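**Q** Sequence:
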Amino acid sequence: MTFDAASFGPITPDHIPPFAQRLRDAADTVWEEGYRQPFLRELGDGTLDRERFAFYLLQDYRYLKDYAKVHALALTKTTDPEIMTFMVDVQSAVFNVETTVHRKYMAEYGVTEEQMDHVRQSAFAKAYTSNILAIAYGNPLVDVLVAVLPCAWVYADYGRRLAREFADTLDANPYKSWVDMYKTDEFWSGSAWLIEHIERLVDGLSEERRAELVDIFVTGVENEYMFWSSAYDMQYSWKQEWSR
4 MTFDAASFGP ITPDHIPPFA QRLRDAADTV WEEGYRQPFL RELGDGTLDR ERFAFYLLQD
64 YRYLKDYAKV HALALTKTTD PEIMTFMVDV QSAVFNVETT VHRKYMAEYG VTEEQMDHVR
124 QSAFAKAYTS NILAIAYGNP LVDVLVAVLP CAWVYADYGR RLAREFADTL DANPYKSWVD
184 MYKTDEFWSG SAWLIEHIER LVDGLSEERR AELVDIFVTG VENEYMFWSS AYDMQYSWKQ
244 EWSR
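Counting with the numbering used here, you get residues 4 to 247 for the letters of the sequence shown.
Watch out, some of these pointers could steer you wrong.
What the hints assert, rightly or not - Ranges of calculated distance between the beta carbons of each label pair, as one might list FRET restraints:
1) D174 <-> D7: 36 to 44 Å
2) S180 <-> E85: 48 to 56 Å
3) T50 <-> V91: 37 to 45 Å
4) R39 <-> R213: 23 to 31 Å
Because the hints were derived from the structure by calculation, they are not lab data. Just so we're clear, the structure is a prediction, and the values are computed from it rather than from any experiment. Even glycine gets a Cβ: it sits at the ideal position worked out from N, Cα and C.
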């Protein structure tokens, strides 16, 4: 059955179409453990060590360059002007919005432009970006959309939940601006767009292909977990003693 966006109505965090709900359910264990891990707990209550947050920001800054490449590659897999426009808009946001936020934060933490431009990518971040880049190079468009969905959806969900859970103390939280950026309906709209288009593109796909997409999504959520976890431990390699 073809997904009918008009009859389904607005896609909201509490109103998700069937295949997206299947993705979310498959990733539930790691998704919820991710929200409960120390990095997010301490960010939410404002006690996260500044050095850990700076490590995360540097890795995220490096990640976003590859994230932009993935969306550039997605442009080559469609002639749909709406999808092409979305991909261009994401790249623009990475370089004109997200990067500006990172540079502002970095200045506050005393991190130099040179450090930002030459940051070493952690093994965990590299595993994440290598995976989504490989999918973007070799797989159909729907696979690429599913591969980037965890980043958008996890951030939107965690941002909204942190804002609710820590509402009473958020104004005094040094990380309030981070939470404020990801809790918004505007940020959620990116997830909603991806979910709607994935829902349309899975129509007619075999169960085998759908299962492959579920695996791509769960792997992405697992990589999101490791991104936060390795930032909390400020860990560049699989074992600390391997770091160089």
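**Q** So, for every hint listed, does it hold in this structure?
**A** Hints, verified against the model:
no. : hint                     : result
1   : D174 <-> D7: 36 to 44 Å  : holds (42 Å)
2   : S180 <-> E85: 48 to 56 Å : violated (31 Å)
3   : T50 <-> V91: 37 to 45 Å  : holds (39 Å)
4   : R39 <-> R213: 23 to 31 Å : holds (29 Å)
Checked against the numbered hints given earlier, this structure breaks only hint 2.
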